[in-house]
Each structure stands twice: as C-alpha cells, then as structure tokens.
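> Sequence:
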Amino acid sequence: MLQQRQISKVLQQGLKPIPKTTGSIKSISLLSSQGIPLITVSSTSKEDYKVYSILAYNSLSENPDNNDDNDDDWTVVQFENDLKCMISKVLDLHLVVYYDDTLQDEIVKLKSDGLISVLHDGLLGYNS
Numbered sequence: 001m002l003q004q005r006q007i008s009k010v011l012q013q014g015l016k017p018i019p020k021t022t023g024s025i026k027s028i029s030l031l032s033s034q035g036i037p038l039i040t041v042s043s044t045s046k047e048d049y050k051v052y053s054i055l056a057y058n059s060l061s062e063n064p065d066n067n068d069d070n071d072d073d074w075t076v077v078q079f080e081n082d083l084k085c086m087i088s089k090v091l092d093l094h095l096v097v098y099y100d101d102t103l104q105d106e107i108v109k110l111k112s113d114g115l116i117s118v119l120h121d122g123l124l125g126y127n128s
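Numbering (full-length UniProt numbering), first residue to last: 1 to 128.
Because the hints were derived from the structure by calculation, they are not lab data. No experiment lies behind these values; they were computed from the predicted model shown. Keep in mind that the hints are not guaranteed to be accurate.
[To be verified] List of simulated lysine-lysine pairs, DSS-like, C-alpha gap at most 30 Å:
no.: 1; residue 1: Lys50; residue 2: Lys109
no.: 2; residue 1: Lys89; residue 2: Lys9
no.: 3; residue 1: Lys89; residue 2: Lys16
no.: 4; residue 1: Lys50; residue 2: Lys89
no.: 5; residue 1: Lys109; residue 2: Lys16
no.: 6; residue 1: Lys50; residue 2: Lys9
no.: 7; residue 1: Lys9; residue 2: Lys20
no.: 8; residue 1: Lys89; residue 2: Lys109
no.: 9; residue 1: Lys20; residue 2: Lys89
no.: 10; residue 1: Lys16; residue 2: Lys50
no.: 11; residue 1: Lys20; residue 2: Lys109
no.: 12; residue 1: Lys9; residue 2: Lys109
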C-alpha cells in the first residue's frame, strides 16, 4: 500500500518533460471519490488547479457515457486557450493531469495510463 510520500513521488514522475514535444504537463492531482483534491504536484501555483479540479470532476461525473462499472472512465476538458486537463478514474479516486494544449491528448493518455497502473496497485489497500 502506497503512503502519501510515495504517492507524491509517483505523481512527480508524471511531471517529467516528454522528449521531442514542446508542450508540458503543468500539474497532476489525485481527487477523492467526491472530487476533493487529496494530493497535488505542480510545476506552478497549485491554487488555480483546485478550481479546475472541481470543474474536471463535474464534467466526468455529468458525462452520461461514463458509468460506475467502467474502470476506463476518462475525459478531456479544455479550460483556457492554452490549458487542458485529462481526468481518469483510479479505483474510487480520480487522477487529473493538466497540460498545455500544444501537447497531444494521446501522449497525455499514455502518461496518465502509466500513472494509473502504478497507483491502482498501490492504492488497493485504501479501498473498502
């Protein structure tokens, strides 16, 4: 079972630059099942991302294509001219990755899937 420090280190891995791309990942948050930010790692100020996390969570929970039986729930949200986020389910939690809109969604999905894989195994003990 991952501890908070280990979870932060896993999320920090997602902030590493992506070779041969001009865009970058700005912040990564892990949200509770109610959409409350639990852990956020960021290359910039974390405060703005708290509001974005709520908006991203609401967009995922309001999407009729996403049901509770599907572990592959995810969506992309465009916030500003240059900021997007991808929100994905991890067990009962949500992973939110914020990135430049110059970065391809496919690249972010691959990075997100890698983080989800590590978090899924490490967070199994936290679920009831």
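> Please go over all the hints and tell whether each is borne out by the structure.
For each hint, the structure was consulted:
Between Lys50 and Lys109 the CA atoms are separated by roughly 21 Å; this keeps the pair inside 30 Å, and the hint holds. Taking the CA atoms of Lys89 and Lys9, the gap is about 19 Å. The hint holds against a cut of 30 Å. Restraint check for Lys89 and Lys16: satisfied, since their Cα atoms lie roughly 22 Å apart, inside the 30 Å limit. Proposed proximity of Lys50 and Lys89 is supported: the alpha carbons are some 17 Å apart, at most 30 Å.
Pair hint Lys109 plus Lys16 holds up; C-alpha atoms about 15 Å apart against a cutoff of 30 Å. For the hint linking Lys50 to Lys9, the alpha-carbon distance of about 20 Å falls within 30 Å, and the restraint holds. Of the pairs offered as hints, the one joining Lys9 and Lys20 holds, with about 24 Å between alpha carbons and a cut-off of 30 Å not exceeded. Taking the CA atoms of Lys89 and Lys109, the gap is about 12 Å. The hint holds against a cut of 30 Å.
Only pairs whose Cα atoms come within 30 Å are accepted, and Lys20 paired with Lys89 is accepted, the gap being roughly 28 Å. Between Lys16 and Lys50 the alpha-carbon distance is near 21 Å, which keeps this suggested pair within the 30 Å criterion. Taking the CA atoms of Lys20 and Lys109, the gap is near 17 Å; set against the 30 Å cutoff, the hint holds. Among the hinted pairs, Lys9 with Lys109 is consistent with the structure: their alpha-carbon atoms are about 19 Å apart, no more than 30 Å.
Of the numbered hints listed earlier, not one is contradicted by the structure.
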